[in-house]
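Trainee: Oh and the sequence shown: position 246 is 242 in this note's numbering, straight run, nothing missing.
No wet-lab data here; the hints were simulated from the structure.
Small disclaimer: the values here were computed from a predicted structure and weren't measured.
Wrong hints could be hidden among the right ones.
[Stated by the list, open to error] Cut-off 35 Å, straight-line C-alpha distance, at most; resulting in silico cross-link-like pairs (DSBU-like, lysine-lysine):
| id | residue 1 | residue 2 |
| --- | --- | --- |
| 1 | 334 | 95 |
| 2 | 542 | 388 |
| 3 | -2 | 317 |
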Amino acid sequence: MKYFKRYYMLVKKFRFQILIAVILAAVTSLGNVIFPRMIGTLVDHIKNATLTVAVMKDLLLKLLSLAIAIYIANIIWGYYIFRNFYYVKAKLSVDILKKALRQSPLFLKKNPISEIINKTSSDSGKVGEVVGYGLMTLVDGVVFPVFIFVAMSKISVLLTLISVIALPIMVYIITEISKKYDPAYEAFQKSLDSLNENAIEDFSAIKVVKSFVIEENKKEIFLKKVDDSLSKELYTTKLAAYYNPVTEIGIGFFSIISFVVGAKLIHNGTISYGDLITFSMYLLFLTWPAYALSDMIIVFKEGNASIKRIDKLLYYEDDFKNYNATKTVARVDKIELKDLSFQYPGNDKFELKDINMTFERGKKYGIVGKTGSGKTTILRQLINEYPDFSGKILINGIDVKDLNLISLKKKVGYVPQEHFLYSKTIRENIEFYRPLTDNEVEKVILASDFKKDLQNLPKGIHTLSGEQGISLSGGQKQRISLARALAKKVDILVLDDVLSAVDNSTQNKILENLNEEFADNIVVMSSHKINAVKNFDMIFVLDNGKIVESGNFDRLMENKGWFYEQAVIQEVTHEKR
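Generate the whole structure from the sequences, applying the supplied hints.
Mentor: Below, the structure written as structure tokens:
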């Protein structure tokens, strides 16, 4: 009963259909109880030699009518109840995805992808079973037996009491088994999480695994996890297997006693042959409720454990809870970082300290520095990836925490260092679920200087990129990711070292195209290559999370600092464009 309200909220929109389904299920149970009574009446007619054609026709007509009515009712309530399974499973999967998409990367640190996958598939299915198959077993395992016992008591209270003796014994044994089942099932689900996590990591790093020739090592580790998951699943299956025998043996044993006592009652003239046949059929009918009761316990146990796991994720406190999503901006003209300091969740070290930057529309900004100096971290703040920081981020003078994040993110184009491509065609990866015309696709392909590469691919723009772009080079993946961002109508273009895998000729062509296509936008790009940012309006040099130099190329060269040293090492000269 602890989770009853939670299950109700999941199927609340279908509550009236479910009520109708439960009523129809109860009616069919009542109809099934009438069948043995009619058979018993037929047996008594035969025994007493009073069976006539008229009586036979009347009984057959009633049996046929009852069968048709039960059949139709079963179709209706079966549809209403089992629809719940598919609806709830789909709804929970969507809710989990929506929740994950609204959070910062910290969410994935606390809720690994492997767990999310397991919760959207296995756990959501188990919860769906509770409001589907579980609801059916609840009716068949509880309501149906009540009708049967009432009907049995009308034949003989003594025989009914003998049959009911098994119930408290069965309840006690089932309760004891259940105490072990709950932790066993939860341990099994956690082992699936671990197995999924291992599989995701290994397949994502398959090239590295092969290059280091550690396939056998990884196979052994994976097989150990498979064995661990299998042993836990077998243990839960073993515990679940105890439920059915308990109910079968309990009902079977006391049914035999009831039958023996029933024969004695016939001899005494207390009940008729037809009554005993009817009572025997009722005992036989109790077999399915016994199964249903066992299944109901298992389904509800697994469902309760799964809804607990899912709710832990769904009721995770939103990372952006302090953002007041009330204001919007029609166009981003200016971004200011004021005294910005930031440290990644769980880390004591500040990645950014007292950062002050201003980005204005129509200008291009470069961010350079040593590896680990904080370049990517600043870009992540610009796209509002992490909610917690000290200082302020102002958009057109408005605190970013007062802006509608969804509206703001639509105005930002972002190309990260890690270039992810779906296992789809190159065109589909560029469109990224946005309908683009042929001209729009052609325009961004030219802007990212990818046209020449298409000519060497077997199907051109319709070539499959493979899983995570496995069939493409690093430079090709970079430019497809760039084309994807350029296709978005944005005010801010944030590029994280997107030219690291292209040659100088391609780099210069892309930069020329950016100057033409994004002359009226804010462009911010980090890079290890000085010649990639030398013509930008402003260049920031970072070291250990702080701005140590800033200015245009000429000013930074005059400073004779780190920027100057790198320019000399990379043999970069300045040519105004």
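Trainee: Are the hints correct? Go through all of them and say.
Mentor: Going through the hints against the structure:
1. 334 to 95: holds, 30 Å
2. 542 to 388: Answer holds: residue 542 to residue 388 is near 16 Å, not above 35 Å.
3. -2 to 317: holds, 28 Å
Checked against the numbered hints given earlier, this structure breaks none of them.
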